[in-house]
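Chemist: The primary structure of each chain is shown beneath.
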Amino acid sequence: MPKNISTPTPADLTPSLAPQEAVRRFLALTGDTETVSDTALAHFLETTGLNCKVSTPLFDVAFYLEQLPLRSGARENPVLHYFEHGIKDGLLPCLTFDPEHIEKQLRKAQIDTDEPALLAVLAQREAPFISPHPLFDPELYSAATSEPLEGRLPIEDFLSRQPYDMRVFSPYFDIAYYLHQAPHVKISQLNPLVHYLSQAAGQRSDPNPMFHAGFYRNTYDYNGPDALAHFVKVGTTLGRLPNPYAEQELGINGMTPDELTTYLSPLPTSETV
Amino acid sequence: MDIQAPSSICEFNAQRDTNLAHFAPGFETVLHIFDAHWHGIRSATGCCPGHKLAISHETGLDGEAYRHIYGIISKYGITHIVYQGFSWVGHELALNLKKEFGEAINIFVVTHVTSAQFENHFEMQMQSALIDGKKRGLFAGLGSVKPHFDSVVPDYFSEVIVNYAPNVAPNSRPFAVDTSAIFVPIENSWRKNLYSNLIAAAPLDEVENIYAVNWPTGLDQMFDLSKLRLTSYKKGMDLFSFMGAVGALLNVTLAECQPMTQLEALAMGTPCLTGPLRMDDFANDPLCALTESEILDNPYYIRKALKELLNMRQNHTEELAGMIDDHLTRRHAIATQRYADFLQF
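As given, the protein sequences belong to chains A and B, one line each in that order. For what it's worth, my numbering labels the leading residue of the first sequence as 1, then goes sequentially. For what it's worth, my numbering labels the leading residue of the second sequence as 1, then goes sequentially.
There's no promise every hint is true.
Unchecked claim - In silico lysine-lysine, DSBU-like type, Cα no more than 30 Å apart, as pairs:
1. K307/B / K186/A
2. K233/A / K75/B
3. K192/B / K135/B
4. K234/B / K307/B
5. K104/A / K75/B
6. K108/A / K88/A
7. K98/B / K75/B
8. K307/B / K227/B
9. K98/B / K135/B
10. K98/B / K186/A
11. K99/B / K186/A
Unchecked claim - Sample of chain B residues at the chain A side, in silico, Cβ under 7 Å:
12. F12
13. S74
14. K75
As the list claims (entries may be wrong) - Here are the computed distance ranges between Cβ atoms for each label pair:
15. T79/B / G31/A: 48 to 54 Å
16. T237/A / D280/B: 56 to 62 Å
17. Q199/A / S151/B: 31 to 37 Å
18. E119/B / Q199/A: 54 to 60 Å
No lab work stands behind these hints, which were simulated from the structure alone. Please read these numbers as outputs of a predicted model, since none were measured by experiment. Glycine is no exception: its CB is placed at the ideal position from the N, C-alpha and C atoms.
Build the full structure now, drawing on both the sequences and the hints.
Modeler: Right under this line is the structure:
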């Protein structure tokens with residue numbers, strides 16, 4: 001499992017909540033209750049390592065502990081550790097979590113909060129939901145889901161769904177294309193996004209037919225974990241190319257963020273031939 | 001940041017290959033692959049319904065180009081690939097496409113060659129590769145725009161693939177036409193027969209100006225070429241406009257399949273004299289009877305056919321325009337149905 005280092009957001013660096021109060025808020029948001037008693041909080045904080053159970057897949061205890069130095073996690077409560085140290089150290093609560101992207105979503109939705117990003121995502125229980133990762137679109141996923149979410153966030157439903165069916169979750173992630181390259185993911189019905197993100201950086205199969213990760217890395221000297229997510233977050237606004245032929249196909253006027261999104265979208269379009 | 005230009009030619013749905021195309025339902029999953037430098041074939045393919053991909057036998061295809069082609073096929077759900085013309089680069093691509101996509105794609109090849117061109121041995125090498133590929137199951141079908149090409153290679157589809165004319169908007173046709181001018185847009189080669197065409201046209205009283213893109217070197221020593229005007233090679237709508245502004249085009253060549261020059265002229269409302277194309281689908285078509293010279297290497301017969309054609313153009317304008325429109329309507333319907341049959345839709 002790769003180490004995923006993220007950049008803390010300004011709100012994360014200067015949390016208004018003390019770590020224990022952040023844990024209390026976390027338990028309230030994930031436990032479907034408004035208040036968490038001191039006793040319940042103390043009881044939760046006593047659990048350490050893999051014995052700590054949380055009721056949202058947005059905090060993946062095993063994944064989080066793997067980011068900690070060898071065996072040190074066994075003595076820690078992972079949620080408390082996350083709010084106390086993890087955020088500042090750039091650790092992630094789960095694979096599908098990107099604090100920078102969340103910060104951008106909050107700004108876009110004009111939600112003024114000084115809560116840590118994880119709590120901000122958990123708190124927004126109604127549409128418009130906060131997207132926790134550039135490659136997960138909660139609105140698109142909700143539209144593709146006919147059954148009610150029953151109080152769960154789209155990302156929680158998405159991460160809990162096992163085996164994973166083929167429902168769409170991103171305009172950038174072409175499930176059929178990804179499964180064509182990684183047929184074992186299809187056979188074992190794994191969550192394709194989780195599988196993709198769990199592969200080592202630079203060794204991931206491209207999840208979009210029109211995005212060439214190798215070209216992007218080489219051309220823009222990008223060495224981060226996920227070239228596609230970087231392109232979605234940064235590259236589109238800088239007019240970067242998703243492949244060497246994009247400019248020829250779109251023309252220079254077609255290199256706007258919206259045009260690029262359409263160009264990369266695997267979803268059916270009205271284009272006729 | 002300067003981005004290095006791609007080293008391989010891999011042009012997907014370029015404007016020049018799509019803006020004159022016809023639309024036909026069912027062709028959304030068809031991808032035509034052709035060589036960027038083979039201009040006649042590229043023009044013909046540009047009029048077909050379906051997606052278009054230009055590659056090059058000169059530059060080959062590198063890893064990025066392969067990656068991009070795979071992405072295009074996946075994104076657009078391509079099920080039918082139609083090579084228009086064939087090269088070794090195309091052959092290698094076909095092998096790799098079949099390896100990557102297996103039964104999900106069917107590969108067809110349409111050739112635009114006549115047996116007269118086998119003097120160029122490359123053409124026979126390609127035919128050999130196609131026959132072998134068909135036998136091995138690489139290709140689902142071979143088709144030709146030359147009528148009865150299955151008499152040359154029995155593995156070919158028995159019906160001829162019919163070329164479309166460019167899908168030009170009717171209001172693109174020029175308002176002013178000089179019906180006493182003719183246009184000879186052919187190169188100066190033995191096969192293209194430039195001298196015979198010019199010798200045929202020059203003495204006609206119906207012709208006042210002859211526009212040619214090549215000068216018949218030496219002919220002025222024995223022939224009055226005072227009507228001849230040398231003009232430049234033209235492309236795109238510039239070419240179409242020029243075609244639409246003259247009385248007729250002259251394109252009587254010694255070896256031909258379905259010349260795009262003729263179809264481009266017809267799209268602009270101008271008739272084009274050719275050699276006998278022998279298209280069974282148009283055996284009783286009055287336009288074909290009027291625009292095909294039976295004898296190719298004798299200017300007397302070309303002149304006779306051109307005189308008749310210009311007489312129609314100058315004195316029966318509406319009737320000729322109706323013949324052209326009827327021909328194009330029928331041609332496009334046949335072309336679509338023939339492609340559908342060939343591709344086994």
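Chemist: The structure should be examined with respect to each hint, and the outcome stated for every one.
Modeler: Hint check results:
1. K307/B / K186/A: violated (69 Å)
2. K233/A / K75/B: Judged against 30 Å, a Cα distance of about 22 Å means the pair holds.
3. K192/B / K135/B: Roughly 35 Å between the alpha carbons, so the hint for K192/B and K135/B is violated.
4. K234/B / K307/B: holds (26 Å)
5. K104/A / K75/B: The given pair, whose Cα atoms are some 29 Å apart, holds under the 30 Å limit.
6. K108/A / K88/A: The given pair, whose Cα atoms are some 24 Å apart, holds under the 30 Å limit.
7. K98/B / K75/B: holds (17 Å)
8. K307/B / K227/B: holds (16 Å)
9. K98/B / K135/B: Judged against 30 Å, a Cα distance of about 15 Å means the pair holds.
10. K98/B / K186/A: holds (21 Å)
11. K99/B / K186/A: holds (19 Å)
12. F12: Where the cut-off is 7 Å and the nearest Cβ of chain A is about 6 Å from F12/B, the hint holds.
13. S74: holds (4 Å)
14. K75: Holds - the Cβ of K75/B comes within 7 Å of chain A, reaching about 4 Å at its closest.
15. T79/B / G31/A: 48 to 54 Å: holds (51 Å)
16. T237/A / D280/B: 56 to 62 Å: holds (59 Å)
17. Q199/A / S151/B: 31 to 37 Å: violated (56 Å)
18. E119/B / Q199/A: 54 to 60 Å: holds (55 Å)
Comparing the model with each earlier hint shows violations of hints 1, 3 and 17; every other hint is respected.
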